[in-house]
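Asker: One letter stands for each residue in the lines below.
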Amino acid sequence: MKNILKYIIVGFIFGIVLTKSEAVSWYRIYEMFQFQSFHMYGIISVAILTGIIGIQIIKKNNVKDSSGEPIIIEDKEKGSARYWLGGLFFGLGWALVGSCPGPIFILIGAGFWTVFIVLFGALLGTYLYGVFKNKLPH
Amino acid sequence: MEIIFQTWPWYVSGFIIGLIMLCLIYFGKTFGMSSNLRSLCSIAGLGRKVSFFDFDWKSQRWNLVVVAGAMIGGFVAVNFMSDPSNVAINSQTIEQLAAMGIDAPNGKLMPETLFGTQIFDSPKIILILLVGGLLIGFGSRYAGGCTSGHAISGLSNLQIPSLKAVIGFFVGGLIMAHFLLPLLLS
Numbered sequence: 001m002k003n004i005l006k007y008i009i010v011g012f013i014f015g016i017v018l019t020k021s022e023a024v025s026w027y028r029i030y031e032m033f034q035f036q037s038f039h040m041y042g043i044i045s046v047a048i049l050t051g052i053i054g055i056q057i058i059k060k061n062n063v064k065d066s067s068g069e070p071i072i073i074e075d076k077e078k079g080s081a082r083y084w085l086g087g088l089f090f091g092l093g094w095a096l097v098g099s100c101p102g103p104i105f106i107l108i109g110a111g112f113w114t115v116f117i118v119l120f121g122a123l124l125g126t127y128l129y130g131v132f133k134n135k136l137p138h
Numbered sequence: 001m002e003i004i005f006q007t008w009p010w011y012v013s014g015f016i017i018g019l020i021m022l023c024l025i026y027f028g029k030t031f032g033m034s035s036n037l038r039s040l041c042s043i044a045g046l047g048r049k050v051s052f053f054d055f056d057w058k059s060q061r062w063n064l065v066v067v068a069g070a071m072i073g074g075f076v077a078v079n080f081m082s083d084p085s086n087v088a089i090n091s092q093t094i095e096q097l098a099a100m101g102i103d104a105p106n107g108k109l110m111p112e113t114l115f116g117t118q119i120f121d122s123p124k125i126i127l128i129l130l131v132g133g134l135l136i137g138f139g140s141r142y143a144g145g146c147t148s149g150h151a152i153s154g155l156s157n158l159q160i161p162s163l164k165a166v167i168g169f170f171v172g173g174l175i176m177a178h179f180l181l182p183l184l185l186s
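Residue numbers (my numbering), protein chains in the order written: chain U, 1 to 138; chain X, 1 to 186.
No wet-lab data here; the hints were simulated from the structure. Treat the numbers as computed from the prediction; the structure is a model and nothing was measured. Yeah, the Cβ is synthetic: ideal placement off N, Cα and C, and Gly gets one too. Please note that a few of the clues may not be correct.
Subject to a maximum C-alpha distance of 25 angstroms in a straight line, what follows is the list of computed DSS-like cross-link-like pairs (lysine-lysine) [to be verified]:
#1 X:K49 to U:K135
#2 U:K135 to U:K78
#3 X:K58 to U:K6
#4 X:K108 to X:K124
#5 X:K108 to U:K64
#6 U:K59 to X:K29
#7 U:K59 to U:K78
#8 U:K60 to X:K29
#9 X:K49 to U:K133
#10 U:K78 to X:K108
Computed footprint of chain X on chain U, listed as stretches where at least three residues anywhere in the stretch have a Cβ under 8 angstroms from a Cβ of chain X [said to hold, decoys possible]:
#11 45-59
#12 75-82
#13 103-113
Here chain U stands alone, though its shape is the one from the complex (with noise of 0.2 angstroms):
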């Protein structure tokens, strides 16, 4: 029970930050990839740095996890083809909708319900990787 609570609430400032920041806001993202505010720019890259700053003092104290175990931060495979391309059919879709995976649900709980259109498409997406992930270039 406590192990749910404290991931709920790790949910919860989640979701309150990204409405409150307006990083789940359609307009926030085409204004970002118009060049015409900092903001998203600024948000992304304070977050980046206190991960930086945070994972490195985590490395270099050996930190242990909660339950005591060495924390160990796998490396991503590596890789060209999966990432450039993958990246892009995302960025194409971000920019469209307004909307990375978080915010979807975030602005389905907010009571936006035609988002559930757009969860619908990315379950949908999931689902044709799923099938087609052999034939595709990695």
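Chain X: place on chain U using the hints.
Answerer: Using the frame of chain U, we list chain X on its own:
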């Protein structure tokens, strides 16, 4: 208390998002939202047909709980923490959008033109949302992550593959926002 209702500044929001990622690492997990789409496909029973969905989704239940929390967070933020001053985007952006027939935010997070319930009379807009979602789902699984998994988690851990994916995100986004979107909405 005013700050609760206003648009949260980028340096506060970015910092908290970074902390959320670190928090999940501390819990022995990783920050990545698109993996949940794969779990949902698996829960729907698609693992019987496609081996990619035949995995132990129960080990990923924690992430679905994070999603549930995020949905509640979105509900609370929109219903109890919003203000008409929100989504104050660049006035030049508003003009550009008006030229494409998209309404100004005036405090709303999403344009009515694309997300209002009147879209059920417009097969074109429904198709746009569906295809947009499809590209997001397909692309994030192909690239092995989305904004949270690659841009935040991956770049924080100085991963070159994530940098390639993020460059891909931006190239795709720029093509859509500058060339395709104006065509689609005209």
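Asker: The structure should be examined with respect to each hint, and the outcome stated for every one.
Answerer: Hints versus structure:
1. X:K49 to U:K135: Holds - the C-alpha atoms of U:K135 and X:K49 are around 16 angstroms apart, at most 25 angstroms.
2. U:K135 to U:K78: Given pair U:K135, U:K78 holds - Cα atoms ~18 angstroms apart, limit 25 angstroms.
3. X:K58 to U:K6: It holds: about 17 angstroms lies between the C-alpha atoms, which stays within 25 angstroms.
4. X:K108 to X:K124: 22 angstroms, holds
5. X:K108 to U:K64: Between X:K108 and U:K64 the Cα gap is close to 43 angstroms, so the pair fails against 25 angstroms, i.e. violated.
6. U:K59 to X:K29: 16 angstroms, holds
7. U:K59 to U:K78: Judged against 25 angstroms, a Cα distance of about 21 angstroms means the pair holds.
8. U:K60 to X:K29: Satisfied, since the Cα-Cα distance of roughly 19 angstroms is no more than 25 angstroms.
9. X:K49 to U:K133: Roughly 13 angstroms between the alpha carbons, so the hint for X:K49 and U:K133 holds.
10. U:K78 to X:K108: 41 angstroms, violated
11. 45-59: holds (count 11)
12. 75-82: Result for this restraint: holds, n = 7.
13. 103-113: holds (count 10)
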